[in-house]
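Q: Spelled out, the chains give:
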Amino acid sequence: MSRHVVCPADELPPGSRKVATVDGREIALFNVEGRLHALLNRCPHGGAQICKGVVTGIAKSAGPGDYRLERHGEFLRCPWHGWEFELATGQSWCDPRSTRLRNYEVKLEAGAELVKGPYVAERYPVTVEDAYVVIDL
Amino acid sequence: MKMPYAGAIDCDLHVPAPSMAQLLPYLNDYWRDQIVNRAIDRMPFAMMSYPPNAPISMRADWRLQSTANPLEALRAHVLDALDLKFAITNVIHGCVALHNDDMAAALCRAVNDWLRTEWLDREPRLRGSILIHPQDMSQAVAEIERLAPDHRFVQVLLLAMGERPLGRREFFPVYEAAERHGLVVAVHAGSTYRYAPTIVGWPCYQFEDYVAQAQAFENQTVSLSAEGVFQRCPGLKFVFLESGVSWLPVTMWRTDKTWRGARPETPWVDRWPSEIIREHIRLTTQPFDAPDPTAVAQVLDRIGSDEILLFATDYPHWQFDGEDVLPDGLPQAAVRKILIDNALATYPRLAQRAIGGETAAIKEDVR
Ligand code: FES
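These protein sequences, in sequence, are chains D and R. Counting in our numbering, the final residue of the first sequence is number 278, and the numbers go up one at a time with none missing. Counting in our numbering, the final residue of the second sequence is number 641, and the numbers go up one at a time with none missing.
Derived by calculation from the structure, the hints in this document are not laboratory data. Treat each hint with caution, since some may be false.
[What the hints assert, rightly or not] Derived contacts from chain R toward chain D, CB cut-off under 7 Å, selection only:
1) Arg396
2) Gln505
3) Arg534
[Claimed, not checked] Calculated cross-link-like contacts (lysine-lysine; reagent style DSS-like; alpha-carbon spacing at most 27 Å):
4) R/Lys276 to R/Lys359
5) D/Lys201 to R/Lys531
6) D/Lys257 to D/Lys193
7) R/Lys531 to D/Lys193
8) D/Lys193 to D/Lys159
9) D/Lys257 to D/Lys201
Every residue gets a Cβ at the ideal spot worked out from N, C-alpha and C, and that includes glycine.
Whole structure, please, built from the sequences with the hints as guidance.
A: Right under this line is the structure:
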């Protein structure tokens, strides 16, 4: 496992998303109300770039005719065929056992911690004053 | 394959449909007057897309001499010949196509009472289906409630092609009544011809109509799954009669695949539709629609369960020949399930040893 500094925290503010190539892998990064998610940018179904998907809730029901949208911002709907994935785990809602989006540990770290290493800061000169998005691959 | 042992349960057997003259004693004086004085009794009310004497309507060796007693014939051809434990009779009567809800309901009551008196009372191996007219739901529910105390009635009978898909919520009161009383909902091939029997328009030939029946069952499978019938009635089972079987795995696969992407539209569908289908829908083995034993085994394998098939003769229709009552290719372990166990697991009233018919008080409220 290697840890990578992906970008400064202010490049991924709440409500935004971006794609970063880390160690040859395309990673989709989401910041949903301060919660960070890092997922391989390839849908396990047909390979769509899931960075283009909709971040939304999950539709639930107590029976025919009952509709509720719950857990706002916790799910990602693939842009191609609408499969739903839980952002926190990458699990498919319909098929949690055998279908999942590869997901990675991601968090904000203070520059002061990062300069101590052993991080791979590929493109960013890390400064002590700022915070950075760091993922584990 | 031939019938391997005694005690099988035939889930689709037809007694000869009653003529209007036979039904008149089971109608009240108002409806008798209407039926006779409007000459409605001269109409055959035959519910088929082919003439009553067409070859497919009856196997040649099952065709009756006009003098023969139909109950004796039924015993000789099926009940005794195959040594059956139970046979569930289905009367497909043309009254279900009437637009007059009240006349249709009166005739359904007459058909059901005729079945009870002329057949169930005379032959203890027979079980009955409650024919309903699925347009006026309150009258349909009332008929279920009226006959439910007679435990020889084991299911409610509908046609595959009516006015609306069977998953629609307007049918829920019927399904809830069935579930409440431990009745199954049986859907038999057939149409009231309100609409074309194919999705693309009216066909010219009976041959097309017959093929289209299986497609109607596919549509009903999707409708029942999508509308959440089994979320509303988790104890309910549907039995498809004369539906064919081999279309099912493809429909299951396509329904599952589509559900994955379209799931939020019907959020009450909370698991794979194929799981719901396997749990709640049963199909009878006549006809199976597969060319050879390998294909039969593959179909069963792809359905993923040997619990969803029920044995049926479809007597007296000409769907199987000679003594081969089941298609070849079924795994040995599946045969007993298909002949006996699956029916007992599907029909609560068969499992209860079906008593109470003679003693139960049926409320007579014929209008
Ligand atoms: S590619 Fe993502 S759902 Fe098909």
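Q: Each hint needs a verdict: does it hold in this structure or not?
A: Going down the list of hints, with the structure as the test:
no., hint, in the structure
1, Arg396, "violated (42 Å)"
2, Gln505, "holds (5 Å)"
3, Arg534, "holds (5 Å)"
4, R/Lys276 to R/Lys359, "holds (16 Å)"
5, D/Lys201 to R/Lys531, "holds (19 Å)"
6, D/Lys257 to D/Lys193, "violated (35 Å)"
7, R/Lys531 to D/Lys193, "holds (22 Å)"
8, D/Lys193 to D/Lys159, "holds (10 Å)"
9, D/Lys257 to D/Lys201, "violated (46 Å)"
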